[in-house]
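Protein chains in written order, with this note's numbering: chain A, 8 to 121; chain B, 40 to 672; chain C, 453 to 793.
The hints are simulated quantities; they were obtained by calculation from the structure and are not laboratory data.
The structure displayed is predicted, hence computed values, not measured ones.
Hints should not be assumed to be uniformly reliable.
Listed next, the in silico DSS-like pairs over lysine-lysine satisfying Cα-Cα at most 27 Å (straight line) [as the list claims (entries may be wrong)]:
no., chain 1, residue 1, chain 2, residue 2
1, B, Lys160, B, Lys253
2, C, Lys723, C, Lys485
3, B, Lys301, A, Lys114
4, A, Lys37, B, Lys603
5, C, Lys733, B, Lys636
6, C, Lys485, B, Lys636
7, C, Lys485, C, Lys733
8, C, Lys723, B, Lys603
9, C, Lys692, C, Lys723
Partial chain B-side listing against chain A, Cβ under 7 Å, derived [to be verified]:
no., residue
10, Ile127
11, Pro413
12, Ser414
13, Phe417
14, Cys434
15, Leu438
16, Gly464
17, Cys467
18, Leu542
19, Ser598
20, Lys629
Beta carbons are placed, not taken as given, at the ideal position from N, Cα and C, and that holds for glycine.
The lines below spell out each chain.
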Amino acid sequence: MNRFGYSLSKARVIDYDANNHAVAEYIAEKEPSFRLCIACGGCAATCTTGNFTEFSLREINILIHRGENRKPGSDIRKCMLCGKCILVCPRGVNTRNVVITAREAFKKFGINAL
Amino acid sequence: MHFDPFIIPFNIGLYFILIYVVGRSIIWFRNLSRPDKLRLQRGFFGMAFGQSLKEIFLESLIHRKILKTNLRLGYMHMSLAFGWFLLILFGTIEADIFGSHHLNPPHMAIFFRFFNPDHGKTAFENGYAFLMDLVLAFILSGLILAIIKRFSSKSVGMKKTTRLKHLDKIALASLWLIFPSRLLAESLTSGAYGTGSFLTGTLGAWFNSFLPAKQAAYPFWWLYSLSLGTFFVLLPLTRYMHIPTELFLIFMRNSGIRTGDKAGTYSEVEVHSCSSCGICIDACQMSFSAGINNIQSAYLLKAIRKDEDTSGIVFNCLMCGRCDVKCPVGIELTSIRMIQRRAAGAGNGIHNIWHGYLRTNPVPVTAKQPASKPSYDFLPARKPEKADILYFAGCMTHLTPSIKNSMVKILDASGMKWSFMDEDGGVCCGRPLMLAGNDREARELINFNSRLIWKSGAHTLVTSCPICYKVFRESYYLDVEVLHHTQFIKQLIEDETVKMNYLNKRVTYHSPCELGRNSGVYDEPKEVLRHVADLEKTGYDDGNSLCCGGSLANLRLQSPDKHKIASFAAAALSAPAPDYIATACPLCKKTISAETKIRVADIAEIVAESIVKPVANGMKKQRIPNPIETSKV
Amino acid sequence: MTGNVIVIGGGTAGVEAAGQLARSGIGVTVIEKESTIGGHVRNWHHLFPDRRSSSEVIDYLRKQLKHDNITLVTGELISGFDKKGGSFRLKSSSGKEFHGDAVLIASGFDLFRSERKEEYGYGIYDNVITSADLESMFRDKSILLRNGREPEKIGFVHCVGSRDEKSGNLYCSKLCCITAVKQAIGLKELIPGSKVFCFYMDMRMGGALYEEMYREAQEKYGISFIRGKVSEVSENIEGKLVTKVEDTLAGRPLRIEMDLLVLMAGMEMSKDGEAIDISGKLNRGVNRFFAPADYHFGSNISNIKGVFYAGACTAPMNITETISHARGAVSDVLNYLTNKH
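Extracted from the complex, chain A is given alone in its bound form (with noise of 0.2 Å):
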């Protein structure tokens, strides 16, 4: 069979497969409410450093999730550690120790901030 020219521009996809899901799983392991998240938004619309620079924890809990590792890795050095948004979420995600764990992970398995 020949393959017609079309295909999926890569950098676009989430390539699920190859991704590296340690990460994810290092953080859920050590901090299992990691997955209670329902990416509704909470706290990053609470969130202190949200206020002046583009931080979601929203967005890098799902990006982390999905194995996408790089935006996330270098977004969480932003957070404060302020602790609003723990009181915000509707899931009781220890959002702050997500955010330390998240940052020994990246650490541990050598992803580099962008």
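Following the hints, position chains B and C against chain A.
Same frame as chain A, now just chains B and C:
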């Protein structure tokens, strides 16, 4: 002839431990910072010396603080410590008076009866023997309590007891053996010679009735010496190291040395001064509300001593300070935990070598920088408007608009020229980062906020959040008066700037940990409350107040356990059936209000409700717009 | 068939069941805490998905109640019951006693008290109201702000007290999404020039004709749906409600000023329902509602023989489901009475 081979183990042990303690204290002294060395020298030749002696007597021997908290547990500690001390003291005097020489080596006092078996014939000798028996009986009664405690901690009035490691078990067994073996050895010897008093004499006579007492005594003298020797040799590896170390701690503390931010001699001495009495476990809400029994201070100190990984323990703590207040040895437990948090990922900084007999020099610990190291270079430069008073609501207060609104009302009513520093959301105060051990990163935020505060020219900074209050006061180097809003309101009441109605409501007060125990502000909130309402006691007041469970300090606590702690606190505060539960922290308010049907209100809210409206004489509102928003550079 | 059944609660579930039982020849005592029947429906203006007037439901219930076998007792709150042999004795808080062969609990639900979500400012800001408040505005046919003006921008906050670990309610109240859609449409009809926004976490349109109504709200009424949980609300100097939310689909934080904010209060186990079982004999679910013996085959049966459930005392339900559930309860009660005698 005053020698017998059985004294060898005792002597080895004794001289070992003496040399060890001297050696270790030299190392500790050398590692002290220069100012601390000076403090210690000054303390040694000053008032502190007498004070320390008194404290050593009251705390290390009598165990007054434990007695106050828990009579049975205190008795147990007292009988072992004070009793043993008396036994040594009286034994030395006995050997000196009744022995053949003066100034005998220690073993002469310890094994006096063996070398002077027929001692106790005269009335004077007999009286002295009675005294010695009495002391031994005193110790044994405590020992029985200790054994019972090990198997059932409730019997000494403790809810929990500390768990043991292997070496501790051997040391404990040798400790337990010391006094029964002495009892048996002395009894058998006394029995054979018809000496001894009510305890050893009676028991000895009974043994002698069916045993060749003289021959039977010898192995027990061996056992006595062996158990003493073993105990001394193992001492540095076990929690019993607290016996000599606590003396140093008391001297150092009375000389004015404090824990500080980094691991050092003082924190080392503190770590080794813990007797694992378990009072911190009973005080801990993580234990009695959430059933988490492996993270308390006693376990943390033990893990540090054993050079174990403490990462699971250090961050799983509310840092409420309840154990600090209750620790009978006065160890600054929260400060030590903070040191461990700063060092997390880099180990303790102090490492055990030679199986723990020696620990390498405490190096000033710096945590390794993670690849995703926090960085806040995105914060914009800002130039604030001038104001006399700055109000910093704090992140959490933005989620409790009633506190924020009440403070706006109160500040407006004060008539002062004030400015709302974070009306539209501010930059975090830095304390949450510090609690996570990221002091250096917190500095970035502290510098940012400091600059804003300086530039505003304000002389007073008022905050609603006790977390912010603590860090503003302790870690910001600012030439402004930092006030929690309860203190600010107290000033308004005192100088009669704002008049308030009495509300005729009954309230209980929840003292936030960061404001009360951790910053020492107990009185102002209560005085403000008494000014406007009727304040009821809860049984958990001041130093004994509870943590709401919402503490940002605990990074590991899961939601369901948080709720358990919160609901216990809420129940205690609701018990007097108040109209309001008052608190002085947005986080406490949010956490407690989720667990009770009674209205939970910040003191600012209650005050705002009680403010007498100023007569309409055209009093101008002095509020100026938000500095961050209006004046972008 | 003979027997006497006590129905606790004169709302939709209780009255529907009472009517059906009475027609089967059973004597029924309906005990209602209020002075009149109807429960929450009385406070509602119109119903989803067809926007029929809620008074029609009340009329239907009144008709159901007209039967010689039914005794209606109003103004009595049950506070405890016990079972001796095969019969039940119920006590009311005023000291009265009621006796019956079986008990049907139809104590319904309470609306979540929205002041518990302090960050939304209910009870703090003038123009933050609940869905129930809005419904009574609909009945008055006048939607006005506290200053007497008509709102131009109105936001609906979904999931207030539902799907919220912080409120202690992990469950979905199920009806708030469609209620928000219905109320949004109602608003647009009354104030055609207004802009209406719904802030949702998920649109749960799982009932008959719900999704169609959602489409209609977008297509015909131009209502905007923004996916994100509102985190905090503050009031600015002009009295506008500054609402902070992340537009999760755009991936950016969104800040919007509203004139009026409507909180979609969820449903909770009713306080008075809890009082019935003061000694805690009846099983309760993690959602704190009464837990039926079996969620599939025995959703009307309790863990005590002779005590049955109907309606929203077991889980959030709409009117349709409540009526079906009440009818199911009738068949279980009849079975029980048949086998008993």
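We went through each hint and held it up to the structure:
For the hint pairing lysine 160 of chain B with lysine 253 of chain B, the CA-to-CA distance comes to about 18 Å; that is within 27 Å, so the pair holds. Of the supplied pair hints, the one linking lysine 723 of chain C and lysine 485 of chain C holds, its CA atoms being roughly 12 Å apart against a limit of 27 Å. In summary, the hint linking lysine 301 of chain B to lysine 114 of chain A is supported, as the alpha carbons are separated by about 24 Å, within the 27 Å threshold. Distance check on the hinted pair: lysine 37 of chain A and lysine 603 of chain B sit about 22 Å apart at the alpha-carbon level, within 27 Å; holds.
Taking the CA atoms of lysine 733 of chain C and lysine 636 of chain B, the gap is near 23 Å; set against the 27 Å cutoff, the hint holds. Between lysine 485 of chain C and lysine 636 of chain B the CA atoms are separated by roughly 21 Å; this keeps the pair inside 27 Å, and the hint holds. Simply put, lysine 485 of chain C and lysine 733 of chain C have alpha-carbon atoms about 22 Å apart, close enough for the 27 Å limit, and the pair holds. Restraint check: the Cα-Cα separation between lysine 723 of chain C and lysine 603 of chain B comes to about 22 Å, which is no more than 27 Å; the hinted pair holds.
Between lysine 692 of chain C and lysine 723 of chain C, the direct Cα distance comes to roughly 35 Å. Violation of the 27 Å bound is thereby established for this hinted pair. At its closest, the beta carbon of isoleucine 127 of chain B sits 51 Å from a beta carbon of chain A; the interface hint therefore is violated under the 7 Å criterion. Checking proline 413 of chain B against chain A by beta carbon gives a least distance of about 5 Å; that is within 7 Å, so the hint holds. Here the hint on serine 414 of chain B is kept, as its CB sits about 5 Å from the closest CB of chain A, short of 7 Å.
Because the smallest distance between the Cβ of phenylalanine 417 of chain B and any Cβ of chain A comes to about 4 Å, under 7 Å, the interface hint for this residue holds. A hinted interface residue such as cysteine 434 of chain B counts as satisfied when its beta carbon comes closer than 7 Å to some beta carbon of chain A; here the least separation is about 4 Å, so the hint holds. Against a cut-off of 7 Å between C-beta atoms, the interface hint on leucine 438 of chain B holds, since the closest Cβ of chain A lies about 5 Å away. The restraint placing glycine 464 of chain B at the interface with chain A holds, with a minimum CB-CB distance near 5 Å, inside the 7 Å limit.
For the restraint placing cysteine 467 of chain B at the interface with chain A, the shortest Cβ-Cβ distance is roughly 4 Å, inside the 7 Å limit, so the hint holds. For leucine 542 of chain B, the suggested interface contact is broken, since its CB lies about 28 Å from the closest CB of chain A, more than 7 Å. A hinted interface residue such as serine 598 of chain B counts as satisfied when its beta carbon comes closer than 7 Å to some beta carbon of chain A; here the least separation is about 4 Å, so the hint holds. Given hint, lysine 629 of chain B at the interface with chain A, holds; its Cβ is 6 Å from that chain's nearest Cβ, closer than 7 Å.
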